[in-house]
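Student: Listed below are the residues making up each chain.
There are 2 protein chains.
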Amino acid sequence: MSQTVEFIRNNRKKHLDWAIQLCRIPSISTRPENKPDVVASVKWTHETCERIGLKSRMMETGGHPLVYAEWLGAPGQPTVLVYGHVDVQPTGERALWDADPFEPTLKDDWLICRGSSDDKGQVLLYLRAAEAWLSTEKRLPINVKFLIEAEEEIGSPNLAPFVEKHRDLLKCDQIIISDTGMYEDGWPTITYGTRGLVYNEVRLSGPKHDLHSGSHGGVVGNPVTTLAEIIATLHDADGRINIPGFYDDVVNPSDRERKIMASLPFDEAKYVTDLGSPAPFGEKGYTSVERRTCRPTLDCNGIMGGFTGPGASTVIPAKAMAKISMRLVPNQNAEKINKLFWQTIESRCPKTVRLEKHEHGAADPYMAPLDSSYMTAADRALKEAFGRDVAYIREGGSLPILPMFKRVLGADSLMLGFASPYCNAHGPNEKVRIPDLDRGAEAVTRLLGYLARQ
Amino acid sequence: MSQTVEFIRNNRKKHLDWAIQLCRIPSISTRPENKPDVVASVKWTHETCERIGLKSRMMETGGHPLVYAEWLGAPGQPTVLVYGHVDVQPTGERALWDADPFEPTLKDDWLICRGSSDDKGQVLLYLRAAEAWLSTEKRLPINVKFLIEAEEEIGSPNLAPFVEKHRDLLKCDQIIISDTGMYEDGWPTITYGTRGLVYNEVRLSGPKHDLHSGSHGGVVGNPVTTLAEIIATLHDADGRINIPGFYDDVVNPSDRERKIMASLPFDEAKYVTDLGSPAPFGEKGYTSVERRTCRPTLDCNGIMGGFTGPGASTVIPAKAMAKISMRLVPNQNAEKINKLFWQTIESRCPKTVRLEKHEHGAADPYMAPLDSSYMTAADRALKEAFGRDVAYIREGGSLPILPMFKRVLGADSLMLGFASPYCNAHGPNEKVRIPDLDRGAEAVTRLLGYLARQ
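Residue numbers (the numbering used here), protein chains in the order written: chain A, 110 to 563; chain B, 110 to 563.
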């Protein structure tokens, strides 16, 4: 093992170059015009897998292709399935970036580029580890399968059908994923739970076209005003979500968990300042850490209607829309919450507007067992690679694939996160901390070794 | 007088030709490339004033020039100031017009051309009347001043400074304006009131950039949700505006007015169907006609924040904005209402977001005295020319020049409208009904006579 770990340490420069090559490909999965780039990122991954000695193939899905690669030369040993993604989020407003979002920039310890932390840099850790084992020991200590897709940022619409169709090919004892964050830079972190998600769009329409607000103001139901009024009913004065039945299945964190959470340093004032928010915010009766991980939330992600250009235009808008999403916690069920949401919206929508319902996906929450043998091995590997105790956290975001993997493959997921809390995934100047990637690669290399039965 | 009225009737063809000449000039005030055309329309008006015997000059403003013309040969008689404009709106999409927007077309009773009803056709009524008097009686029965501008369609930015600078030149006892509509074709109409306007933009900001709603949902004040919550407070359950002090100065329509309004035919079901709204709407205790003319209103004209593209993006938006305008009625004061508005928004804005205030203009409401000698004379003139009783209406829109004239010149305004309710001003195929222009010219001719003190 020491030789293998040495290999990781000696190949940092080459491996950083892998990250630069892959990050340079603008694989924005949501933009049809970037389809060739998405395919290019998959192809790059496939070729790298082959080059390091995995058996790899690009496989078609209903949408963007994916990479399936494997090394299965350790009969009797466990089989893990490594999941990751090489597609990225759109870049948003160019002016908010300090440089071209797809021109990887090195600054101090950071690699700055869209996709650097989410998830290209983290996917590569496993190829680095595989290369290290195959170069030094000519084998992996356990069986490893790789499932690297390119539709994660559009909600993995074709992954579940793919996994269902290929459940024998993907059969495994454990899933390992690195698509999460570290508690602090340099602090190895295992995420053992994620929130679920229900993401909907409420569209209201009133008059058949925008009207003069002088000629018709006071006689026409205004879709923008009405939408605002409906949104305002969705929280009560204590910041709780005002949808009947919403909290029925919520399980509060256990005492052990609350103790873990309380043990992690959290500077609320600094947190708020770093985000740029003028004041702390949240549901009464919970700490900020609990609010952002163990409590369900509801947010308006976007709203639009009427005249939004510079200056004034005195119209009564013909229509308005809002994107509204909810984060769910165990044991809330996404389907059930979705029904409750629409029942509530319908019951609060006046007759003066028409309601159109659009759904943009749903995911159940997930929680991994805290004391599995995989968790124990990961704890050891991370502790050795980073030289400090592992932080255990629950993640506020959603990974719909976790409950899907559990359902279809029967396997739990281990989430080892190496993204900086300051990585700004999905935002401008997304970045990843290179020393954490390097130690992450070492941890993953060690983990493969510790998972082998003696 | 009968000879003068006869002149009007005998010169319809020539006067229609005036309208065709003036309408043919594409005097779109908002387009810099049409500046020479705007000047040409002012020049044409100036030369016509001179030709019929008025003392006329083109005068500079900070923007497009205007025409000031006068005939002041009736000492001891009242002086009226005729206001109008010869600039026009852009034509919009050419495909929506049946013919070239600036090639006047005659069809049945209609003259079809951009500017035909708004306001060239109506401005010419006064030149026709002046010519009739000067040709037949060699004098006007009263003193008349003309102020014909070319910036009305861009909000008359230079008119108030011009009027203030030339308040002596423009001194008068009454303003007369024909830039409004008829209640129905052939139905002479006096508009005696307009609503005021306060148009503001509320901008809220929270975190310094859009955040991941999973990582931070539950701990960050969301500017879109907060904006919706603030907007929702602006009306109560009865549709009344919930801004403390907002109704303090509202004068309810008098019994006489309510009777006038109730006497005019109004098919509410058809009105709502025509607009495409799914159901009637409005403040309790008032008819639709009252709601859209005599009651103040508050509308969101536009709203925007966060992710508004197709599909889903799970952000907590960094900012949100809404354009919110209020229509005011006598005796509300725009400045006072503006202050109350911002006081209310500030008091309801939580500490979790920052508030930025933007103002896009304000105008006071206006109401003309219903029983002035000018109103009485106009009633008689219109009734005789059209052969039916006059419709008295209040307009839901705003004409900021009316309170400005009242403030600077101390004079009330008489609004005689000759545009068809189907004229489609500002839209494609703008048109004017020629018989209404001809009767309008006769009415104005008679009015000048009736205003002379015996």
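In case anyone wonders, no lab produced these hints; they're calculated from the structure.
Among the hints, erroneous ones may be present.
Note that the list lumps identical chains together, so a pair holds whenever it fits in one copy or between two copies.
[To be verified] Taking lysine-lysine pairs in the BS3-like style, the calculated list, with each CA pair at most 27 Å apart, reads:
(1) LYS460 with LYS280
(2) LYS216 with LYS317
(3) LYS317 with LYS393
(4) LYS317 with LYS466
(5) LYS164 with LYS460
Student: Compare the structure with the hints numbered earlier in the document and write down the numbers of the violated ones, lowest to highest.
Tutor: 1 and 5
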